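Please build the complex by placing chain B on the supplied structure of chain A, with the hints as guidance.
There are 2 protein chains.
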Amino acid sequence: MGYTDLNAPLRTIMTPGPVEVDPRVLRAMTTPILGQFDPRFLELMNETMDLLKYVFQTENKWAFPVDGTSRAGLEAVLCSVIEPGDKVLIPIFGRFGYLLQEIASRCGAEVCTVEKEWGQIFEPEEVINEIKKVNPKLVVIVHGETSTGRLQPLEEIGRFCRENDVLIAVDAVATLAGVDVRTDEWWLDAVIAGTQKSIGVPSGMAPLTYNDRIEKILLARKKVERGLSGGSSNNSRRIQSNYLDLSQIQDYWGPDHLNHHTEATTMLYGLREGLRIIKEEGLEARLKRHQLHEKALVDGLEAMGVELYGDKAHKMTNVTCIKVPEGIKDEAIRGTLINDFGVEIATTFGPLKGQILRIGSMGYSCRKENILKVLGALEAALIKYGAKVNRGEALQTALRVYENSSEPVLI
Amino acid sequence: MGYTDLNAPLRTIMTPGPVEVDPRVLRAMTTPILGQFDPRFLELMNETMDLLKYVFQTENKWAFPVDGTSRAGLEAVLCSVIEPGDKVLIPIFGRFGYLLQEIASRCGAEVCTVEKEWGQIFEPEEVINEIKKVNPKLVVIVHGETSTGRLQPLEEIGRFCRENDVLIAVDAVATLAGVDVRTDEWWLDAVIAGTQKSIGVPSGMAPLTYNDRIEKILLARKKVERGLSGGSSNNSRRIQSNYLDLSQIQDYWGPDHLNHHTEATTMLYGLREGLRIIKEEGLEARLKRHQLHEKALVDGLEAMGVELYGDKAHKMTNVTCIKVPEGIKDEAIRGTLINDFGVEIATTFGPLKGQILRIGSMGYSCRKENILKVLGALEAALIKYGAKVNRGEALQTALRVYENSSEPVLI
Chain A
896 MGYTDLNAPL RTIMTPGPVE VDPRVLRAMT TPILGQFDPR FLELMNETMD LLKYVFQTEN
956 KWAFPVDGTS RAGLEAVLCS VIEPGDKVLI PIFGRFGYLL QEIASRCGAE VCTVEKEWGQ
1016 IFEPEEVINE IKKVNPKLVV IVHGETSTGR LQPLEEIGRF CRENDVLIAV DAVATLAGVD
1076 VRTDEWWLDA VIAGTQKSIG VPSGMAPLTY NDRIEKILLA RKKVERGLSG GSSNNSRRIQ
1136 SNYLDLSQIQ DYWGPDHLNH HTEATTMLYG LREGLRIIKE EGLEARLKRH QLHEKALVDG
1196 LEAMGVELYG DKAHKMTNVT CIKVPEGIKD EAIRGTLIND FGVEIATTFG PLKGQILRIG
1256 SMGYSCRKEN ILKVLGALEA ALIKYGAKVN RGEALQTALR VYENSSEPVL I
Chain B
896 MGYTDLNAPL RTIMTPGPVE VDPRVLRAMT TPILGQFDPR FLELMNETMD LLKYVFQTEN
956 KWAFPVDGTS RAGLEAVLCS VIEPGDKVLI PIFGRFGYLL QEIASRCGAE VCTVEKEWGQ
1016 IFEPEEVINE IKKVNPKLVV IVHGETSTGR LQPLEEIGRF CRENDVLIAV DAVATLAGVD
1076 VRTDEWWLDA VIAGTQKSIG VPSGMAPLTY NDRIEKILLA RKKVERGLSG GSSNNSRRIQ
1136 SNYLDLSQIQ DYWGPDHLNH HTEATTMLYG LREGLRIIKE EGLEARLKRH QLHEKALVDG
1196 LEAMGVELYG DKAHKMTNVT CIKVPEGIKD EAIRGTLIND FGVEIATTFG PLKGQILRIG
1256 SMGYSCRKEN ILKVLGALEA ALIKYGAKVN RGEALQTALR VYENSSEPVL I
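Chains as they are written, first to last, in the numbering used here: chain A, 896 to 1306; chain B, 896 to 1306.
Isolated chain A (complex conformation) (with noise of 0.2 Å):
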C-alpha cells in the first residue's frame, strides 16, 4: 500500500536516448523555484538563450527550449511554418523521417515523400533533384536517424534551399552536441534538438533555434490571446497549436516576456547547467571526445568479431549499430546486459527489430568506463548465448585506442 521512497537501479546506459546525466547537472536540480518573472529568472533565461546559440553555432537571434520532449519541438517548428495545403518535402531513411511526415501531415501540409533503403543515406544532389521536382515551401529532413545510426549531410542541400528560397528544418535532435551542427553554415533555417541525448540534460526540453525567414512567417501569422494587457487579434492564418506556437513562445522569452506559459523551472536550470558544462569543455573538444570513444568501441566491436550494420561512410559518431548474430534474439542480449551488467543497450523499430542492436555513446554517457563496460558485458552475453566471437580482443583493442590517443583521456 505505501510507495516506498525513490530507488532506482544506477544504470550504465548505453542507448541512443535517455543516456545519463552529468551529477552537476542532478545538482543544479535541486536550486529552489524562483518567479517566472523573477528578475534573477529573466538572467538564467538569457542566458541559456546565449548559450543555445553557442551549441547550435548560430548568430540566429532565436534559440530556446520549447517545454516538452524532441518531438514537441519538432511540431512547434512544423505547425507554426505549415500552413494548411503547403508543399513540404521530406526525405525519409528510417523511422524519425516517418514521425515528421506524420506531424506534417497533421499540420495540413501536403507532404511529399522521397524514400531510401535502412541504413543508406541520401545523395545529396538526390534530395535536390526531389527538391526542383516538387518545389515545396519547406524541406523537413533528420541530420541523425538513431533508428538505423545513419547520418544525412546537410551543407549542400541546406545551399540549394537558400538559393531557391525553399526554407529547411533539421531534426538534430540525436546529433546536437556530439555531431557537427553547423546552423548557419550548412544554411539552415530552423533546427530542433533534444535534451536527452548528447546535450545529457534529462528528456523533458526541445531546444531549437530558427533564423529570420522563419521569424517573418510567425510574425505574419501571429495572433495575440485575449485576456492579455494589450488586447486580442484575430488571423485567419493562425497557428493550430497554442502550446506550441513559437510566434508566442518567441514573445515569452522576449524582452517583453509577455506571458504565455510557466517556463518549467528546474528543467531550465538542468538545462543552463548542461549547457554551461558544453561550454566548458568546449564544443570542438567534446565532438572530439564524441570520436574517440566511437573509434574505441567500433574498433573493440570489430575485434569482438561482431558485424556492423549500415553504410560504414554515414555513420552517427553517437550511435553504432550491429547485426544480431544468427539464432540469437536481441531480447536476450539486451535482458543479460540490463539483469546481470545494469548495462543498457537499445533495440529499434519497424523493419530492423530484432536484426540490429543499437549501442549509444552520448553526451555523459560517452565515457571509457562505459565503453569498456559495454564491449565486456556485449562479449559476455554474446558467448552465453552461443555467439562465435573472438575472445579478450575487444577490451584490448579498445584500450590500445585509448593509449594511442593524442591527448590523455579523462573521461
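Since the hints were made in silico from the structure, they are not lab data. The model shown is predicted, which means the values in this text are computed figures rather than measured ones. Watch out, some of these pointers could steer you wrong.
Since the list can't tell identical chains apart, any single copy or any two copies may satisfy a pair.
In silico lysine-lysine, BS3-like type, Cα no more than 27 Å apart, as pairs [what the hints assert, rightly or not]:
no.	residue 1	residue 2
1	K1117	K1248
2	K982	K1117
3	K982	K1118
4	K956	K1118
5	K1207	K1263
6	K1248	K1118
7	K1268	K1190
8	K982	K1028
9	K948	K1117
Okay, now just chain B, sitting in the frame of chain A:
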C-alpha cells in the same frame, strides 16, 4: 563572459504559481536517469498513475501527466476530443476562460461563450440554461480562475451534462491538491491540472485524467504512426497534434508502452515524490491545511484594513485577491515585497491589471511562516507608500487564528 554557478536567491513565493517546492521533491529529482523502458521506470510510471487517481479522486482507468506545462494538458484534452466543427461551450469568468476559448477555436471548434463579469462566478443554472440553448458536444470550464481568485461550483453542471450526454472538461490547474476536486462525484469527464501550483512540484508537467466517455472518442480517432512495429493506419478523424494526441499517449502509459515520446524522467521522479507527499499528508488534511492558512491570511488582511476583491462566497481557498489602495502603484508594492523582503506576490491580467494584487497560498508555499511573512511585509510596504492601515493588527490576528486551531499547526 563566463557563466557562473547557478545562484538563485531564496524566495518566499506567494503567487498563484509557480510556488515553492518541497525539498524532498527536489532531492528525488537528483535520482540518476533510468531508460524509458527500464522495468523499474515502468513501475514508477504505474505508481504515479495510481497516485494521480488518488489525488483526482477518481476510479478512471487513465490518469497520467502530459510532458509540458499546464496548457499542454488543456490542449491535449481539447485537441484530442474536439473535431472540426464541433460545438463547444465555454463559460468565461476570467483570463483562463479566454485561454480555453483560444485553444478550442484553434482545434477548429465552433466555440460558443457566455461571459460573467470578472470577480463573479456562474450560478449553475446559468450554465445549464446555456447548455440547453447551445446543445454543445463539450463544455469546457475553469474550476479555479486564478486571474480573479474565484472558484466555480461544478457538481450540478457536471450532473446535468452527464444526464444529457454532453461532455465536460475542467481546468483544475490551480485547484487540484489545494482545493477539493471530485472528478467522479461531480461527473467530470476530463480534468486537467498543473504541477507547479497546489501539487508543489516544478512546472513542466500537466497531470490529467479522463473517463471512458472520452476514451471512446480517442479510440475512434486513433492513428498509428508509420515506422513503429505493427504497421501504420489512416484515420480521417485523426487528432491534429501528434505530440498532444492522447490516443497515442495512453498507449505509451498503458501495458504495451508503445513508443511515443521519451518520458521526462526527472520531472516524473519529482511528480511521484510530490504525489507521495500528498498521500502521506492525506488529501483531506491537505485541503484543511489550505483552509486554515487561508483563514489566517484573510483575517489578517481584513484586520490590516485591506479590502478584499471579488465575491467572497466563491473565493478560491488558495488565492486571495486584494484591491490596490487608491493612489498606490501595484508594481511599487510588489517591488518592495520582492526586493526588500524576498516575498513574491502577483499582479493580474487584462481589465484588472493595476487594480488588484494576488496572494497565493498553494502547496508547499502554504505554510505558517509564509503567511506571517507576507502579512508583515505587505503591511510595511503599504505603510511605506502611504496607505492607511491598522498597524500591527494583521499579525496578531493571524497568530490568534493559528492558536485557536483545533489541531496544532506544524507547518
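Tell me the hint numbers this structure goes against, listed in increasing order.
none
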